[in-house]
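Colleague: Below are the chains, spelled out letter by letter.
2 protein chains.
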Amino acid sequence: MAGSKCTRLNGALIKQVLDSVDSVLFDCDGVIWRGDSAVPGAAEVINLLKKHGKNVYFVTNNSSKTRKLYAQKMGRMGFNVKEEDVFGTAYCTAMYLKTVANFKGKVYLIGSNALKQELEDVGIQQTGVGPDHISGAQSDWANVSLDAEVKAVVVGFDEHFSYMKVNRAMQYLNDPSCLFVATNTDTRLPLEGGKAVPGTGCLVTAVEMAAQRQAQKVGKPNGFMVDCVASQCGLDRSRCMMVGDRLDTDIMLGTNCGLKTVLTLTGVNTLADAQAHQGSGCPERQKMVPDYYVESIADLLPFLQG
Amino acid sequence: MAGSKCTRLNGALIKQVLDSVDSVLFDCDGVIWRGDSAVPGAAEVINLLKKHGKNVYFVTNNSSKTRKLYAQKMGRMGFNVKEEDVFGTAYCTAMYLKTVANFKGKVYLIGSNALKQELEDVGIQQTGVGPDHISGAQSDWANVSLDAEVKAVVVGFDEHFSYMKVNRAMQYLNDPSCLFVATNTDTRLPLEGGKAVPGTGCLVTAVEMAAQRQAQKVGKPNGFMVDCVASQCGLDRSRCMMVGDRLDTDIMLGTNCGLKTVLTLTGVNTLADAQAHQGSGCPERQKMVPDYYVESIADLLPFLQG
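First to last, the protein sequences are chains A and B.
Residues 27 to 332 (my numbering) make up the first sequence, in order.
Residues 27 to 332 (my numbering) make up the second sequence, in order.
Pulled out of the complex, with its shape left as it was, chain A reads as follows (with noise of 0.2 angstroms):
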């Protein structure tokens, strides 16, 4: 089926394409809920996915909260959802460092609690979370105080992100040898009614300007997620669907891993957007076009209750 890609999945395409997989990974934000409003039908959609006996997994960039937390928060939408389904950046930059990295030491975090919680929960020790306001003169900046024990510096979403947090992450970064790390690179966080705030790629930028080092990205489009859901829920991709809002990242990493891929446009991107990437001659713009396309997921409830 060459040349039928980006095609829309509604009617009779629906049951076809559902019939072919056994697992669907969707992102979160911009998916099934935007800022703390679910899009509606989606906790019916997910709920009706599972009761047909397809596995559902999570599978989001934001690092902004533990799995035990993501699924306290779909569980007050509605959502039928286990922890263990949860896969995160928070919790699976944690994976990264404890079983890529094998590493040893304390990390430098710009990031959140939970991120913090997820590290502490693989034995990693932090410092950096909460607010680090400046004081003093640039010599000051310059000569801060570092903890001898930090061997990497993390950065995922942080709302204290400062300008002594890039400074504090700069100097420590001139030591060649201190892990770079990152939950992810995703520009803007979308929310409810088509407002959104910056996204963690802000973040990294700064910190990989000051550091003059790219740091690695643990979240979409790597495909490190989908061989943490892999390796701890037995994946066949070959039977399996990803659906997310963003070209770059969700559409990209199903492609990377030989997923199928749907786009949903409850969030970043847009049809024109796909449609640009299938219309440009670039290989690389080619893996950001998706399979199929709905308006949203809640599209496919009509063949799940039917």
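Among the hints, erroneous ones may be present.
[Said to hold, decoys possible] Here are some, though not all, of the chain B residues that point toward chain A, as calculated from beta-carbon distances under 10 angstroms:
1. 159
2. 169
3. 172
4. 174
5. 175
6. 177
7. 184
8. 186
9. 187
10. 196
11. 211
12. 228
13. 234
[As the list claims (entries may be wrong)] Taking lysine-lysine pairs in the DSS-like style, the calculated list, with each CA pair at most 25 angstroms apart, reads:
14. B:132 - A:221
15. A:132 - B:108
16. B:31 - B:286
17. A:221 - B:221
These are computed hints drawn from the structure, not numbers from a lab.
Where a beta carbon is used, it is the ideal one built from N, C-alpha and C, also for glycine.
With chain A fixed as given, assemble chain B onto it according to the hints.
Modeller: Then chain B, alone, in the frame of chain A:
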């Protein structure tokens, strides 16, 4: 003399080069001082150049001081300098808004009190200077109160840079008619003893990523800085020399404006950096190869004293 670039400036060549120029533009950080320490011999070089009848101007991307504060700092270090000879990006950004953009309105300023002062001196009001700590939840951030009079976002060096400031700038810049101006994009600010702190470029790139727009850059290598000097002091570019420590700002500016260029090795870039550009086949990188280099501007002293 094609092919003879990146030549060490010493011996008889110093007289030959200095005889060919009427004006010398100096970068500041990494050239005449590092942090609060003057480069040894720098004040004597500046003062002797003036005694030899040269016009000496200071062209710095650093936006953390007004012209007046720069002149005072230079005076304390023994430099014989007038306020009118200093062209920092705080002053030049105010001039850019007033003369090039013909700006009417208020500025949302991510920047220093110095930048505020220079804006106010040309009659432009601002909001935003000082700490802006986070509170509330994501939806509060997305709906943060905005000043309806703000018609431009200006980003300069700001030690109080914070997530909330990135967010506020992004919300203003969602209006496509809102101007977006940055003082400069230097990645690091060099200090004493090989130390450094994050530069304004780190802040600008974070806001650009959030806003999904590129800022108009006032500072080097944009030729506007040289235009400023020329319009106020009557510069003959064919008899002018630019001395700096950064290849991508100082030397690039000099090349772009048809000036003679001298790299000094007391700051950011090394001779190896310059030679790497020279050895590359890339025309854009050739623009960052200086005509001459010195270990320090104090290398000029023997001739000036002789």
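Colleague: Would you mind marking each hint as holding or not holding in the structure?
Modeller: Against the structure, the hints:
{"no.": "1", "hint": "159", "verdict": "7 angstroms, holds"}
{"no.": "2", "hint": "169", "verdict": "7 angstroms, holds"}
{"no.": "3", "hint": "172", "verdict": "13 angstroms, violated"}
{"no.": "4", "hint": "174", "verdict": "18 angstroms, violated"}
{"no.": "5", "hint": "175", "verdict": "22 angstroms, violated"}
{"no.": "6", "hint": "177", "verdict": "21 angstroms, violated"}
{"no.": "7", "hint": "184", "verdict": "7 angstroms, holds"}
{"no.": "8", "hint": "186", "verdict": "6 angstroms, holds"}
{"no.": "9", "hint": "187", "verdict": "4 angstroms, holds"}
{"no.": "10", "hint": "196", "verdict": "6 angstroms, holds"}
{"no.": "11", "hint": "211", "verdict": "9 angstroms, holds"}
{"no.": "12", "hint": "228", "verdict": "4 angstroms, holds"}
{"no.": "13", "hint": "234", "verdict": "9 angstroms, holds"}
{"no.": "14", "hint": "B:132 - A:221", "verdict": "24 angstroms, holds"}
{"no.": "15", "hint": "A:132 - B:108", "verdict": "51 angstroms, violated"}
{"no.": "16", "hint": "B:31 - B:286", "verdict": "10 angstroms, holds"}
{"no.": "17", "hint": "A:221 - B:221", "verdict": "40 angstroms, violated"}
Checked against the numbered hints given earlier, the structure breaks hints 3, 4, 5, 6, 15 and 17 and satisfies all the rest.
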